[in-house]
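Trainee: Sequence:
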Amino acid sequence: AATEDTMVSTAISAPGIAAAQGTAWALANTKVMFLSGHPVIAAIAVGMLTRAVAKQWYESREGTATVLKREIRHTEMLTRALAAPG
8 AATEDTMVST
18 AISAPGIAAA
28 QGTAWALANT
38 KVMFLSGHPV
48 IAAIAVGMLT
58 RAVAKQWYES
68 REGTATVLKR
78 EIRHTEMLTR
88 ALAAPG
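The sequence shown maps to residues 8 to 93 in this note's numbering.
Certain hints may be false.
[To be verified] With beta-carbon atoms standing in for the labels, derived distance ranges:
hint: 1; residue 1: Thr71; residue 2: Ser20; range: 14 to 24 Å
hint: 2; residue 1: Leu56; residue 2: Val15; range: 17 to 27 Å
hint: 3; residue 1: Thr37; residue 2: Arg77; range: 48 to 58 Å
hint: 4; residue 1: Lys62; residue 2: Ala9; range: 14 to 24 Å
[Stated by the list, open to error] The list that follows gives simulated cross-link-like pairs (lysine to aspartate or glutamate, EDC-like), each with its CA atoms no further than 20 Å apart:
hint: 5; residue 1: Lys76; residue 2: Glu66
hint: 6; residue 1: Lys62; residue 2: Glu11
hint: 7; residue 1: Lys62; residue 2: Asp12
Hints are computed from structural coordinates only; laboratory data are not their basis. We put the CB at the ideal spot given by N, CA and C, even for glycine.
Build the full structure now, drawing on both the sequences and the hints.
Mentor: Shown next, in the form of structure tokens:
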């Protein structure tokens with residue numbers, strides 16, 4: 008379970024890290040003042056927002072998968088009950 012949690016956390020964090028690095032690079036090369044005027048703060052904010060969105064997407068996807076699995080089990084039980092003789 009710990010390995011799975013680590014892999015999921017890494018997968019969720021990867022887009023945030025990429026977004027933060029891309030933002031820092033873009034702001035440093037374009038000299039655009041953003042948020043507090045410091046590219047590091049902007050990069051951290053963008054990275055945190057991106058990670059939050061990725062986490063929300065993953066959790067909603069997992070929730071949908073759980074509901075579908077439960078519905079499949081229910082349908083199978085119902086089919087067996089209706090098909091059983093007597």
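Trainee: All hints are to be evaluated individually against the structure, with a verdict given for each.
Mentor: How the hints compare with the structure:
In this structure the supplied range 14 to 24 Å holds for Thr71 paired with Ser20, their Cβ-Cβ distance being about 22 Å. Leu56 and Val15 have their C-beta atoms about 19 Å apart, which keeps the hinted 17 to 27 Å range intact. For the pair Thr37 and Arg77, the beta carbons lie near 49 Å from each other, so the given range of 48 to 58 Å is met. The hinted window of 14 to 24 Å between Lys62 and Ala9 holds, with their beta carbons roughly 18 Å apart.
Taken as a hint, the Lys76 and Glu66 pair is honoured in the structure, with Cα atoms around 15 Å apart against an allowance of 20 Å. Pair hint Lys62 plus Glu11 holds up; C-alpha atoms about 15 Å apart against a cutoff of 20 Å. Note on Lys62 and Asp12: the hinted pairing holds, with a Cα-Cα distance of about 13 Å set against a maximum of 20 Å.
When held up to the earlier numbered hints, the structure conflicts with none and fits them all.
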